[in-house]
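There are 2 protein chains.
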Amino acid sequence: MVVGFLFLFFFFSSPILTHSSPSLFDYQCGLTTAGWSIPPPPEDVNLKQVIAVIRHGDRTAWNGSSCWPGDDYIWSCDLVHGQMPVDTKVEKERGTAGRIFEKIFLPTNEEMHGNCSVAQLTTIGYKQHLANGGSLNSAYVKNGFLTPSLDPSQVFIRSDDIPRTILSAQSLMDGMFPQDGKCEDNGDDGCTQFVPLYTRDTMYDNMEANADLCPKVTEYQTQFYESTTWLNHLKTTIEVVNNISNTIGFNISDNFEHFCDCLITHYCHNASWPDKLTEDLALSGLDEMVWMSYNSLKYPSVQENARAGIGFLLKDIWKNFNRSVNGEDYEKFSLYSGHDTTLIQLLVALGIDEGIWPPYSSMMLFELYSTSTAPAAVRVLYNGKIKTLPFCNGQELCSYETFSNYLSTVTPPDDYQKFCQV
Amino acid sequence: MVVGFLFLFFFFSSPILTHSSPSLFDYQCGLTTAGWSIPPPPEDVNLKQVIAVIRHGDRTAWNGSSCWPGDDYIWSCDLVHGQMPVDTKVEKERGTAGRIFEKIFLPTNEEMHGNCSVAQLTTIGYKQHLANGGSLNSAYVKNGFLTPSLDPSQVFIRSDDIPRTILSAQSLMDGMFPQDGKCEDNGDDGCTQFVPLYTRDTMYDNMEANADLCPKVTEYQTQFYESTTWLNHLKTTIEVVNNISNTIGFNISDNFEHFCDCLITHYCHNASWPDKLTEDLALSGLDEMVWMSYNSLKYPSVQENARAGIGFLLKDIWKNFNRSVNGEDYEKFSLYSGHDTTLIQLLVALGIDEGIWPPYSSMMLFELYSTSTAPAAVRVLYNGKIKTLPFCNGQELCSYETFSNYLSTVTPPDDYQKFCQV
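In order, the protein sequences belong to chains A and B. Taken in order, the first sequence gives residues 1 to 422; the numbers are from UniProt numbering. Taken in order, the second sequence gives residues 1 to 422; the numbers are from UniProt numbering.
For reference, chain A alone in the conformation it holds in the complex:
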């Protein structure tokens, strides 16, 4: 049943460590004291626009079931979603938020011990993106590119419709545009600022590959699991899964992705692991998950896979840049808040993946510049590193024409319905 559970894994967006070096295990849990730093821009360029794509921060396990026999970790969640109804047409109700409802998960009658929802953002996750926001403030606010207070005409915020990604976007904004927390009554407008945060129905969202949007996604997946590439590798995966099962005395083959998620979430919260499970053994399992995830995205080719999957999001990003390049109105900064899968798929589509799972609060940046030699050029950053795009011959700045030419090979056509048919 190994094929079965791995096939499901892709859609569940679980966080997985990817490398056999134990030091990377800490890396998976994300940064806490500082955000991902942003290297200074190249010389002689003029920043026009920035698009940030993030993965949510630290969270609880995404399956409420017990992780292994004897797992009795109690999850604790102080960070909650504050909520209220807002009528966007009734200005007078937008003055001051008089009452906020804190959404709290009842601690009883849950399979997950404690007071957390499954996959709820934690205070650690909040602080991770608060720190990322601080990095963005240093890079794009302190230099005057953006105004110090959050201005929706400059800043576009989008998230998929899931609490942890929404909270991550909000955390980042809190760090990028710090508030002093005081209520300064400014007359009719009151003292609460109301900021649009855009989302889509989950069914039609394109923050990651979506088989409802493009059924070809499922076809490619099915074909991958029938491919020689996968069948040749499967024996290795089965050996690793059996090895872990035999060592800990608990069969993980039916729910391997849940088990891997349990390892990460327990590790990042200093909760105990199964007896006898070493870090090296755990990493051998996580490596298998990574192998499958990255390789499935390259079937039948990187470009064809992206066109049916993450190409929809890439197209949104591309269109966003086009507005600037074409002299139309545009927001100088856009945030897209998604998942590990969002970033993995973007990295693979652009040919810049390193086979490393994106740790919590990972951040990818697309910067658009005008330069002395070209009207527009793009720089891509990932977790504080400049990523040179292979289709730009490894240059730090990729001319917009070259960038656009490549994006046309990894994005779906406008009338995608026929293209997506299976």
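Where hints are given, some of them may not hold.
Identical chains share a label here; the pair holds if one copy fits it or two copies do between them.
Computed cross-link-like contacts, DSS-like style, restricted to lysine-lysine with a CA-CA straight-line distance of at most 27 Å [to be verified]:
| id | residue 1 | residue 2 |
| --- | --- | --- |
| 1 | Lys89 | Lys103 |
| 2 | Lys103 | Lys332 |
| 3 | Lys298 | Lys319 |
| 4 | Lys315 | Lys103 |
| 5 | Lys103 | Lys418 |
| 6 | Lys418 | Lys387 |
| 7 | Lys89 | Lys315 |
Calculated from the structure, these hints are not laboratory results.
Given the structure of chain A, go ahead and fit chain B onto it with the hints provided.
Same frame as chain A, but now just chain B:
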């Protein structure tokens, strides 16, 4: 495939009109100008506690797909969810809500035309529960039973974890405890009130029958669809479905529940229906949905069905009352915000259903009194009407002992796992 689609219907919680009298169709859409009124208490009693169970207010369709050929209704949503991160342990961050993010659904790339999420609460829905809150204010606040400002030590709020039910609970609270909308800085505490709203993970929620909590739910459903009762009735349903399909020239048999939801949501928003579809014909279809829903809840008996299904919620309500009866601390007012199915299942379990689908913003009230003749007694109200409980011989006030004796027959045991096994 009629059996197939009806089997799914139950879990989708669609709103259905139930009666062949056209005047009831308006009733399905819920009240707008005033809430459900609350009759005065009986004489010589002392109110101890109130538990309200509501259905969410008016909403958009719960399936984004087009309703029928030519359906081009554009949904419009001004009411959105305002959200922010809140750390319940950091008091200083709880002073004033400086920034609220308005969650707005992008109007492009959606199958539902417009800017609404599927099944999003509308401004009409907000006003319906605002009005219900006004009725509760008149009945329980103006007389001094509750303090005029929302006090979480007196008021317990629970909803399932779905935006429309959460917003409905918040709307009702806004009506029950009106705010003046002004920010009155009161020093360190700021001017925003933070109020807990409790929920559960959807997978483990008991606001309606839940097969994850109690697999016996599925067994009973399967058996119902194999029962003589259903098989004898099936022919009628097929005839009605075919009659509607033939009249409008569009086969609805594969997605009958979606079609019925479309009828209601379009009707309540003055959107057009398919040509040739009369109100009587529509009602004949809705009546079939109602027949199935109510009868399936009576299989294998009302009591046995409830014990596996809505009995979990009834047990929460019962335990809530028990705290008062046992002299423990308790909140004087509790709100449970759920769905049509929540109310249908409660009404059937208590033997007081009328075969009428609960219109939007329906409200059921359980009042606990002490009386001159009994230490505790219960009165049940539904949409402004006193419901006499058959197991209490039709008395307006049911002694707590009788009430408890009956509840023990429709609620699961504490160690429900074995009981629920199939």
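(Q) Output the indices of the hints that this structure fails to meet, ascending. (A) Of the numbered hints given earlier, those the structure breaks are 5, 6 and 7, listed in rising order.
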